[in-house]
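Participant: One letter stands for each residue in the lines below.
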Amino acid sequence: MALQSLDIKARSATTTPPPRARNPVHVAKLIDISKCIGCKACQVACMEWNDLRDEVGTNVGIYDNPRDLSDQSWTVMRFSEVEVEQGRLEWLIRKDGCMHCDDPGCLKACPSPGAIVQYANGIVDFHEEHCIGCGYCLTGCPFNIPRISKKDSKAYKCTLCSDRVAVGLEPACIKTCPTGALVFGSKEDMIHHAEGRIADLKERGYANAALYNPRGVGGTHVMYVLQHGDQPELYANLPKDPHISPLVSLWKGVTKPLMSLGIGLAVFAGFFHFVTVGPKEVEEEETD
Amino acid sequence: MTNHWVDIKNTDLVLIMGGNAAEAHPCGFKWVTEAKAHRKAKLIVVDPRFTRSAAVSDFYAPIRAGTDIAFLGGVINYLLTHDKIHHEYVKTYTDFSFLVKDEFAFNDGIYSGYNPEKRSYDKSSWGYQIGADGYVVTDPTLQNPRCVYQMMKAHYSRYTPEVVASICGTPKDAFLKVCEMLAETSAPNKTMTIMYALGWTQHSYGSQMIRTGAMVQLLLGNIGAAGGGMNALRGHSNIQGLTDLGLLSNLLPGYMSLPSDAEQDYKAYIEKRAFKPLRPGQLSYWQNYNKFFVSNMKAWWGDAATAENNWCFDWLPKLDKGYDLLQVFENMNQGKVNGYLCQGFNPLASAPCKVKVSGSLAKLKYLVIIDPLATETSEFWQNHGEYNDVDPAKIQTEVFRLPSTCFAEEDGSLVSSSRVLQWHWKAAEPPGDAKGDQEIMAGIFLRLRELYKKDGGAFPDPILNLTWKHRQPHAPSPEELAKEFSGRALKDVTDPKDPTKVLAKAGEQLNGFAELRDDGSTSCGCWIFSGAWTEKGNLMARRDNSDPFGIGQTLNWAFAWPANRRVLYNRASCDPGGKPYDPTRKLIAWDAATGKWGGSDIPDFKPDSPPEDGMNPFIMNPEGVARFFAVDKMAEGPFPEHYEPMESPLAVNPLHPKNALARANPAARVFKEDWATFGKADQFPYVGTTYRLTEHFHFWTKHVRLNAILQPEQFVEIGEDLAKEKGIKAGDHVRVKSNRGFIVAVAVVTKRLRTLDVEGRKVHTVGVPIHWGFMGVAKNGYITNTLTPFVGDANTQTPEFKAFLVNIEKV
Amino acid sequence: MQVTRRQFFKLCAAGVGSSSLVALGFAPGEALAEVREFKLARTTETRNTCPYCSVGCGILIYSLGDQAKNSHTEIMHIEGDPDHPVNRGTLCPKGAGLLDFVHSPDRLKRPEYRAPGSKEWQAISWDDAFTRIAKLMKDDRDRNFIAKNDKGETVNRWISTGMLAASASSNETGYLTQKIARSLGMLAFDNQARV
Amino acid sequence: MRTTIQRYTARERSNHWVVAIAFILAGLSGLALFHPAFFFLTNLFGGGPWDRILHPFIGVVMFLSFVALAARFWRFNHFTPADRQWMKHIGDELCNRDERLPEVGKYNAGQKYLFWTVVVTVPVLLLSGVVIWQPWFAPYFPIWLLRVAVVIHALAAWIMILGIIVHVYAAIWVKGTVRAMTRGTVSEAWAKHHHRAWYREMTGK
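Protein chains in written order, with the working numbering: chain A, 1 to 288; chain B, 1001 to 1811; chain C, 2001 to 2195; chain D, 3001 to 3205.
By construction, these hints were calculated from the structure, which means they are not laboratory data.
Each hint should be verified, as a subset may be incorrect.
Said to hold, decoys possible - Derived lysine-lysine pairs resembling DSSO-like cross-links, with alpha carbons at most 27 Å apart:
1) B:Lys-1291 - B:Lys-1505
2) A:Lys-202 - A:Lys-240
3) C:Lys-2119 - B:Lys-1365
4) D:Lys-3106 - A:Lys-280
5) B:Lys-1267 - C:Lys-2148
6) B:Lys-1123 - B:Lys-1505
7) B:Lys-1101 - B:Lys-1091
8) C:Lys-2151 - B:Lys-1394
9) A:Lys-202 - B:Lys-1751
10) B:Lys-1483 - B:Lys-1469
11) A:Lys-150 - B:Lys-1779
12) B:Lys-1779 - B:Lys-1751
13) B:Lys-1272 - C:Lys-2151
14) C:Lys-2109 - B:Lys-1426
15) A:Lys-202 - B:Lys-1091
16) B:Lys-1321 - B:Lys-1272
17) B:Lys-1586 - B:Lys-1042
18) C:Lys-2039 - A:Lys-150
19) A:Lys-240 - B:Lys-1751
Could you build the full structure based on these sequences and the hints that come with them?
Facilitator: Printed below as a string of structure tokens:
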């Protein structure tokens, strides 16, 4: 797909559509939680490739480290010990990070033109040089992903290694994943691959195995295969039905143009009042 | 590994026991997920902890640390009583029908010949009945009560599911479920692979655990088949290679062994090792021992090694006993060792009972550290506060710390767990003044040699005559060394069947160990590596990854020992007639047309021996078959028996409650002073077990920022019940104590460590990851081996890190 | 006041003018959305093997510079070798972090010496270190070498100095070390396989 | 020489203009982030990041100066029954039928409404602004609150902007008003015409 990945589908704070004639392959990352061993190789590969180094933190009584996403950690493992059936322990380990929504709330919320772009291949990328650090992307994201750096007040998150994908490589996390829990390809292929995995899981007794590709955000370019597709919240509170907060979508949808129009109208109303009704003048008054 | 990493994809069932492949070998574990995804294989994990391997398993069974023999003994009992064995395989390819000596006996946990004072056995009764023809007497009907089958059946009949559940703490239904799943692979076209690692080796009877696993695999007919085997997942990148090269107290390269004091006669030394076949028509490949040995001596001492001086046999040091790591530290502690060299080894962190190790090092006159990283051992004399509270002024050891290169800064080969020798290339210069290991070893040796040349000294001959034909003597090149261990012809080597045919001309590299000779005409530094560098070039650097048979053999990728063979004992994947048991996973087969064995692998067999000759697959054994009865090969008995760990929560062995001798391994070596360091269950009621985490590699990656980020701080894991009992919450700091010291760490409270019902009582496990120390970029911590006991496996002397006693309290 | 048609047009023109101003660059540039530069473009690739566990994963080491005489090679990225039949490009968290092993702040850079009773390291040259070590070894060997045991059997062993060999060094190093150790008669000799 | 009446002291005027300037700057920098159409306004402040950095500080200046201003004018803005009367005649006011309007004190009801609108919106802007103030305070609040705060902030700003547009227009529309805030004085005629009660109070006539 090479340079075509630079074609843009959407751009933050931009009201006119970008060129749309070309239609490159849509890419997707599939995270098969049933194959994930929580080794965190993806975390390392991500930091290594992107030249990031998070803090050497502390242990707070859990395996999760770094404890949360940050400007230096664009992906983290979230470990959950659950007993779905009595007496049968499952250790569900979810790789958390940007979902690359088809309808990205961050992009919608962003006020800075070009700080967030969605490439035609589906990758949602932050361009920090255009980021103004307002943090609105945080409000737009239904998955709580972007993080503002304490160093430079810019927002950071997974780029799906747009630099690697642009030259025809897979993202760093995908390449490194030892067990093949992470796979990457066209979105169509990934859905097909997931179907095979789900069939296998159903045979192994996971009746509710399912693909997580939530409609509420238009589908995602990072999808999960869940053993318990009916209970995504088991996986460290993966939202069951994520959607852009109505506060953001309505607000960024029609309200703001209408309000801007309102301000314009107020000015115009004054203007036309002036030219029709005219000023209030006190007759006796002398002019300066 | 008998098989290899990629071959795991060919399996139907994976048993991970005594290991945690997903965490310790994630990239190899990929082939488990491949087998699951593409062969519908199942994964069983049996472990004291619900590990990250268990997280992706189909079935997990908990087990008390150190009770694997009981568990597997129970499996053997299940397979025999339910007749879930591969009949043809065990009858033909194992010692099932061999008769055992009448003197051999087993009484209440102790085999015949035991000497309680010496804690060792006189093994003379541990053997087969030998007939007048010099061969083992057999009973093909398997009815004789002295045949191995009947004796094994009787031995393991005690291991009932109830007994197993009570000893191991594994719920009975879980144990039976595992048995059922394993039993399915007794079908000739089904295989199971067993993946184990230090979870089996690090016990006072670890070798016997592995043997028990191998016995299960033999019963199921899974040894030699694609997707089968006993697969030891080795820990370090070249631990396989260094073992192959014999860098252990008693070994020579290629699993040849040094002579003992008693072996003064060269011929007797050879004869003892060049086993004669114990059954008619068998190959017994070790009959070639002399060829390997002479070629080795020629590689080391060149022209100085002659037939007249027995190829310098007397130049080799002879063993009065083994000088394994524990023995050496015991000697050091007694002041009998003056100097020590640590080349990329950090014993202060990785040897048991830190207080003893540290005290021993302080008695050295000199210590030489060769390492790319600043290890704990290199600073054992330095005060690092609570983590290493010593007084440097009182330590009189001279310490040298020599910086060496790391992988990225050198050329050379490493042997993977698959026995594949892979060449790697230098990418950059080392930092600062660091030098390669070869240059460092040469630097020390050449100066020693100069001193001996100049001043003379104790027995200088082997030093002065050591071959050193390097173009840059101070820096022997990896290429030269690789060619030397691969072997070359000193004179023309001819085909024994046709003396006019020259296989290798004088000066040429040899094609493999089949060309080695015992007349001094060949030189080879490590016979099993022979053929790695031939006249065709460096085969270890081959990079053709094509897989024409689709079962992952890739014979043109690098070079596997022996003879580029990828699956050991692969003859056993075929029936006696030479047809593969499962043609879809064919390794080799007999081709009557060409009169040769062939297929996707190099035959581990005499390549032209037709099936009707009755040669059996286990050509390295003089029997030609695999042994259930270990004869005299093991220290504690021919059949593995369950013993308790040296430190156990149980006061007696439940199998032998009245015999105190049979509580723990009766043949385990314990140094006198160390008995007092063992704790008892009243003071230390919990089972401690140490292990690795996937985020770290031993004691190296605490120096690596990226890994320090993933697991920054030392912690221990306890179950929810124990946490509640002790009032410990996740994130609290706790002190874990053994009778040898304590560590302080953060508590991780987890459902993954279960309370087990053992012999009618509750047993809690305390999990202690090993990775921290007082050097590195991760948060400093205590050396975990502060806690562990100074006792090893009776055969290998590998320390018992996996089961010991501790107590825990909130700080 | 009344707005004439003329005034109305003037106002409109002003409005258009100011919005054109925006179009002429008063607004932020419609910058091309460019991805981060691919950082391996002109690096040197070297094939190597992961030094950690024995899966023996193939790795690709990327270094700055084209190996020209005046260019100092600096390793800047390591990832899995996709051609390798075992790891097929994957790496575990240790392998994926190898870059920070190569560049660890704890890498040793020069030979050091700690005198008996001392609290600190001091620098020593390679030559002095080798010479001093060889001297210590020879003294000990000459004093404690056992040529014959109590029974008068030839044993030729030296057990008062021991050695632990690496587990991640190459076969070539291991072979050389084995050869040297046995030539000295060393038996207190082990490697990491023991533990 | 015509007669004038002092309407605002120098201090009051200064205070007003501080608020006014802060409002304009906060308004422009805020609008810049309100809708892409206004993003070019960030250039007035040195670009997007500076816009984001400066806006909240300007807001704080506006808030503090408005607190002072509100304190000064608080007592003049109590609603009286007369205000209700005046509101009934709002149409007359707008159509310049001033003769029909009831007598007005210092401020008419419209002005008072504006005052109270600003009294309400400015603190709301401050509070909601603090919640979304990156990078200082926002990290301490949950994301749902950020979402609510962003909406409230913009809504309050919008109301205030509309109010100020009316305010500014009224000042232009009612001739003679601007000088009250520039010079501090109004003509007697202006006072008499628009704020007769106040005029009487000031002059005793």
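Participant: The structure should be examined with respect to each hint, and the outcome stated for every one.
Facilitator: Hints, one by one, checked against the model:
1. Pair hint B:Lys-1291 plus B:Lys-1505 holds up; C-alpha atoms about 18 Å apart against a cutoff of 27 Å.
2. A threshold of 27 Å between alpha carbons decides the hint, and for A:Lys-202 with A:Lys-240 the separation of about 20 Å falls inside it, so the pair holds.
3. Annotation: proposed proximity of C:Lys-2119 to B:Lys-1365 holds, straight-line Cα distance about 16 Å (limit 27 Å).
4. The suggested pairing of D:Lys-3106 with A:Lys-280 holds, with an alpha-carbon distance near 17 Å, which does not exceed 27 Å.
5. Restraint check for B:Lys-1267 and C:Lys-2148: satisfied, since their Cα atoms lie roughly 20 Å apart, inside the 27 Å limit.
6. The hinted pair formed by B:Lys-1123 and B:Lys-1505 fails the criterion: a straight-line CA distance of about 47 Å is larger than 27 Å.
7. A distance of roughly 19 Å separates the Cα atoms of B:Lys-1101 and B:Lys-1091; the hinted pair therefore holds under the 27 Å criterion.
8. Of the pairs offered as hints, the one joining C:Lys-2151 and B:Lys-1394 is violated, with about 39 Å between alpha carbons and a cut-off of 27 Å exceeded.
9. In summary, the hint linking A:Lys-202 to B:Lys-1751 is supported, as the alpha carbons are separated by about 25 Å, within the 27 Å threshold.
10. In summary, the hint linking B:Lys-1483 to B:Lys-1469 is supported, as the alpha carbons are separated by about 12 Å, within the 27 Å threshold.
11. The hinted pair formed by A:Lys-150 and B:Lys-1779 meets the criterion: a straight-line CA distance of about 23 Å does not exceed 27 Å.
12. Of the supplied pair hints, the one linking B:Lys-1779 and B:Lys-1751 holds, its CA atoms being roughly 26 Å apart against a limit of 27 Å.
13. With a C-alpha separation of about 22 Å, the suggested pairing of B:Lys-1272 with C:Lys-2151 holds against the 27 Å cut-off.
14. Between the alpha carbons of C:Lys-2109 and B:Lys-1426 the distance comes to roughly 18 Å, so the proposed pair stays at or under 27 Å and holds.
15. With a C-alpha separation of about 40 Å, the suggested pair A:Lys-202 and B:Lys-1091 falls outside the 27 Å cut-off, and the hint is violated.
16. Under the criterion of a C-alpha separation no larger than 27 Å, the hint pairing B:Lys-1321 with B:Lys-1272 is consistent with the structure, at around 18 Å.
17. Our distance criterion of 27 Å between C-alpha atoms is met by B:Lys-1586 and B:Lys-1042, whose separation comes to about 21 Å.
18. Distance restraint check for C:Lys-2039 and A:Lys-150: the Cα-Cα separation of roughly 25 Å lies within the 27 Å cut-off, and the hinted pair is therefore satisfied.
19. Restraint check for A:Lys-240 and B:Lys-1751: satisfied, since their Cα atoms lie roughly 25 Å apart, inside the 27 Å limit.
In summary, the numbered hints that this structure violates are 6, 8, 15.
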